[in-house]
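A.B. asks: Chain residues, written in single-letter form:
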Amino acid sequence: MVLAAVSADLTALAAAVRTGRLSAVDLVERCLERIRATEERLRAFIHVDVEGAREAARQRDAEARRGQIRGPLHGIPLAVKDLFDQAGLPTTAGAAIRRGHRAKTTATAVQRLLDAGAVVIGKTNLHEFAFGVTSVNPHFGAVANPWDPERVAGGSSGGSAAAVAVGCCAAALGTDTGGSVRIPAALCGVVGLKPTFGRVSRHGVVPLAWSFDTVGPLARSVADAALLLSVLAGPDPQDPLTGRSAPFGPQVPPAPPSFRIGRLRGPLFDEGLDVEVGTALERACTLLARAGGRVEEVGVEAALAGQAAQTTILFAEASTYHRRAYPGRLAEYGPDVRELLAAGATIPATAYVDAQRVQGVVIRQTRRLLADFDALICAAVPVQAPLIEEVDPARGEGWRRARAPLSRLTRLFNLTGLPAVAVPVGRARSGLPLGVQLAAAPGEEARLLAIAAVLEAAAGWTLPALP
Amino acid sequence: MERMLEEMVRDLLGAAPDDQTLRAVEGWRRAWRREWERVESFDLGDEDLPAPLWCWPP
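If you read the protein sequences in the order shown, they are chains B and R. Just so you know, we're using the working numbering here: the first sequence kicks off at 213 and counts up by one. Just so you know, we're using the working numbering here: the second sequence kicks off at 51 and counts up by one.
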């Protein structure tokens, strides 16, 4: 059996490479070996850049021997969702339509990782065009959950989550438009961070819906997610939304001795909650209270209307993009994405504008809440990971029933642009991991991750070595 | 209704949807309209501007 290539946090790995105790070449070879051992079962990668990663690792080792350290990720093998351009490599976006694509330039987020010394080991599998939450991909295979390969890894960044969970890489890059970082993170037992909308550049990323697309890391721990955000965040002239993006420190600051947590209640947050997910959420609230948090129940009056608004904006924008990008090629998409794109094309302009008005109302309501609370908490995903065969569009209608529950609790934070993080807190009787979700005010990732680290430590969660 | 939807999808996506997709779009539209009722019944006032005009990006 080939064990996980990575079982240490990013800071420890980088220190080992920097001081010569560990070579980047060895680390990359272990990752490649781990990928070979798990790929048939997991289908987490669309493209493994064997030669590119080896060459980059040799360069990082040579630089380290000369004392030239590029940055905090020097020699660290990372994976990137196959939605990001990296010059010379394919960006399929998980779509048959883009099989022949080769990127000429590199996405800003990927370039920032490379500038910090990272080695990109490959491009990860995803839901086709990131328009779905299962990563059951008709063209590149269904990403399997490392905890139970019969079940989905979640999506759309399913390959990134599975690759991190099973130790094929130290961390990975994903995107989140309706929960696509946090859903697979929660289902695979890793940490998934969606930063504040506009904090990380989206230049060079295939869009899904411009109003919500957000780049974020998937990592083994909250500390790793914070380190990655410190590399990723910042202004980029090629993405005007990042103009006000403040730098982020590499370390998670200590949580204040006392802090206020708003536990979200109401039909959106309480209905349809799996019993064990509910128990995990209760336990998380208790742990936070013991660690100095004051937990109070709160509601967002317009939360349900906000769900409809988020669907409307996302679907209309996705259809708008695909109409121009791939005109007349509807038949080449998988059946679920084909149907969703066709459906989005029927949304009236008046509904799109009204949805943006509701978005404003929901933002106002959450801002009011966050004036009194340091963070909000709810479950990350209300259900446990479904079976692949139940949600495979090629095998029936089950994907329709699975779609809404999987993204039910994540979309509010895309509508409001708030930073949100999925944190694993335990396991269900089935053995599958269970996660909760914390969110904070815009730009308050430091506070958010400080509280998330408190919860992570109190829950005693560490990613185990999976087979 | 079916013909109108077919034209709408064809005009907007530049491709005629197959029958199965068309039936699915009809089903999706019905579900979306039920969800949309929550917005229709929501008390939006004159002061409720679209988010991009005043608070977006956050």
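It is worth saying that the hints were derived from the structure and are not from the lab. Just so it is clear, CB atoms sit at the ideal spot from N, CA and C, and this is done for glycine as well. Take the hints with a grain of salt, since some may be wrong.
[Stated by the list, open to error] Derived list of chain B stretches under chain R, where covered just means 3 residues or more per stretch with a C-beta under 8 angstroms from a C-beta of chain R:
1. 402–410
2. 549–557
3. 593–606
4. 622–634
A.B. asks: Now tell me if each hint is right for this structure.
C.D. replies: Now the hints, each set against the structure:
no. : hint    : result
1   : 402–410 : holds (count 3)
2   : 549–557 : holds (count 7)
3   : 593–606 : violated (count 0)
4   : 622–634 : holds (count 3)
Violation of the numbered hints given earlier is confined to hint 3; every other hint is satisfied by the structure.
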